[in-house]
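Trainee: Residue-level listing of the chains:
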Amino acid sequence: MDDHDAHDVAQARAGSELAFRRLVERHARGVFQLAFRLTGSEPDADDVVQETFLKAYRELKRFEARSSFRTWVHRITVNCAYDMLRQRPRHRGESLDAGPANAPAGGIELEADGTSWPDRLAFGAEIQGRVRAALDLLTPTERTAFVLRHFEGRSLEEIGEALGLRTGATKHSIFRAVQKMRRALAPLVDPATPGKAEQELRPFQVQP
Amino acid sequence: MNLNHLTEEQLVLHHYGDAGDEAEAASVAGHLRECPACQAELDGLLRALSAANQLAVPDPGESYGARVFARIQPSLAKGWPGWRDRLASPKPGWILAGRRWAWAGGAAALVVAAFVAGDRVAHRQPAPAAVPQAAQRRGTEAQAGTTPTGAEERGSTAPAEPASAVAAADRERVRAGVLLVAVSGHLERSEVALSELVNSPRGPEVDISEERGRARDLVAENRLYRQTALAAGEPAVAGLLDDLERALVEVANGPSRMNEAEFDRVRRRIVQQDILFKIRVFGERVREAEGRPAAGSGLRG
Ligand SMILES: [Zn+2]
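Those protein sequence lines, which keep their order, are chains A and B.
In this text, residue positions in the first sequence follow my numbering: the first is 5, and each later residue adds one.
In this text, residue positions in the second sequence follow my numbering: the first is 2, and each later residue adds one.
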C-alpha cells in the first residue's frame, strides 16, 4: 500500500485527526468520481463522499492493511452509494423505453458527416443525457455491478462480495445492465436499425 | 460453424473476460472468429458501451478533499462509537477518555472560572463549591429525566441580593465562571447526544427514541442555561445555546422512529447547522484559556 497512506493510517488510528485529514485530501476526488458514476448525481455523490469518510473514520481500527487504503475506502463508497440508490426513489428514466422518438435523427455518424462544432457539442451533450438516462433505468444492483465491472474493472468476485451476490447472479446483473443500456442507447449507436424492437435485438438467435 | 449463435449474455460476458472457464472462453472466441453475425452483434454492443464511456464525470477540483474534511470534521467527534455499539460494550471511562476538552477536574474548572472571571477576582475567591459537583455529574450522566441540578444552581444566579455595585459585578463574574463550567457539562452531554444521533447506524427504520428522550431533557436544561447566560451578560454563550436549542428541539419534537430518508434529513440538518463544530470551538477556546489563564478575551470575542 502507498507509503503515505500507510503512515497516515497508522497515525490516524493513533488519534491524529490531521493524518486522517491527509487521507481525505488524498482520496476524496477519486471517491467522488466513483460515487458520481454510481449515483449519477453530484449532490448524491457529495453525500456519499461525506458518508464514506465518516464511516472510514469510525471503522479505521477495523481496516486491515491487506488491501490498500484506497481499495478499502472505495469499498465503503460502494456500500454507501448502494444504500443511497436503494433508498432513493426511482425517478427519471422510466419514460426512456419510449425514447427512440426523442432521440435526434440519425446516430453517432452525425459527427462524421460534416456537422459544425456547436452541433457536435450539442450532440455530445445529447449522448451525455442519454447515457445518464440509460444508467437511471438500471436497478441499484445492476447499476452498481455495471459501474464496478465496466468503469472500475473490478472482478466478479469483488463485485459479488460488495453486493452480497453469488458469481452467477453478479454475471446476470452485469448482463442485464448492459442489455438495458444497449437498448436505451440503440437509437444513438445503431443508426442502421433505428426502430429495433426489443424482441428483435437477437433476431438470428437460435435456442440451443 | 456452430448453428447455435452466441447469446447476448455470452457476448457481454465475453467482452468482460467473464465467459467462464478456459474451454468455454475458447469456444466463444472461436465462434466469434467464424460468425460474422455474432461479430456484428458484438460490435453493436461495443458501440453502446463506448457511448457509455463518454459519460463525463465532473472534477470537484483540487481543494475538494479539504472541503470534504471541513464538512465532516464536526462529526468526527473523537471517533466515538455509535450509541448502539456503546450499549453493547459499555466502557465506564469512555466519556472522559481521550477527550480533547479537559472539562473535568477541579484544576480545569478553576481555570475556566478564572478565564471568565478574570484573575483579579479568581485570585480572591476560592473555587466555587458547585464546580467539582458539576464536573462529577458528567461522569454519571445519562440519568435522563431528573431535574438537572446544574440548572437549579443557575436559577439562583439572578442578581437578587443588594450589594455595592463593584462587589455585585465581581460576584456576577465569578458566577459567570461557575455558569461556564456548568454549561460545559451541558454542552458535552448535548454533543454526545447529537454525535450519537448523527452517527447512528442507518437502516430501513431508525429508532431514535432514546436520543429523542435525551434531547427533550436537554432542551429543558438548555433553556435554563440560556436564560442564565443572558442574565449573566454572556451573549456568546447564550448565542451558542440558542443554536444548540434549535438542533435539540428538532430531535425532541420529531418522531422516535424514522425511515432512512427522514433520518438522513435530520442528520444532515444537524451536520449542516455546524452545531457540533461550534460546541467544539467553544471547548477549544476554553482549553486554550487553560494554557493561558490570564487571557482576557476568548468567549466574548
Ligand atoms: Zn453466431
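Simulated from the structure, these hints should not be mistaken for lab results.
Among these hints, one or two may not hold up.
What the simulated footprint calls covered on chain A by chain B, stretch by stretch (three residues with Cβ under 8 Å from a Cβ of chain B suffice, anywhere in the stretch; the number is not a length) [stated by the list, open to error]:
1) 72-83
2) 174-181
Derived contacts from chain B toward chain A, CB cut-off under 10 Å, selection only [said to hold, decoys possible]:
3) GLU9
4) LEU12
5) GLY31
6) VAL58
7) VAL199
Each residue gets a CB set at the ideal place from its N, CA and C atoms; glycine is no exception.
Trainee: Hint by hint, note whether the structure agrees.
Mentor: Against the structure, the hints:
1. 72-83: violated (count 0)
2. 174-181: n = 4 at 8 Å, threshold three: holds.
3. GLU9: holds, 6 Å
4. LEU12: Interface hint status for LEU12/B: holds (9 Å vs cutoff 10 Å).
5. GLY31: violated, 16 Å
6. VAL58: holds, 5 Å
7. VAL199: holds, 8 Å
The earlier numbered hints that this structure contradicts are 1, 5.
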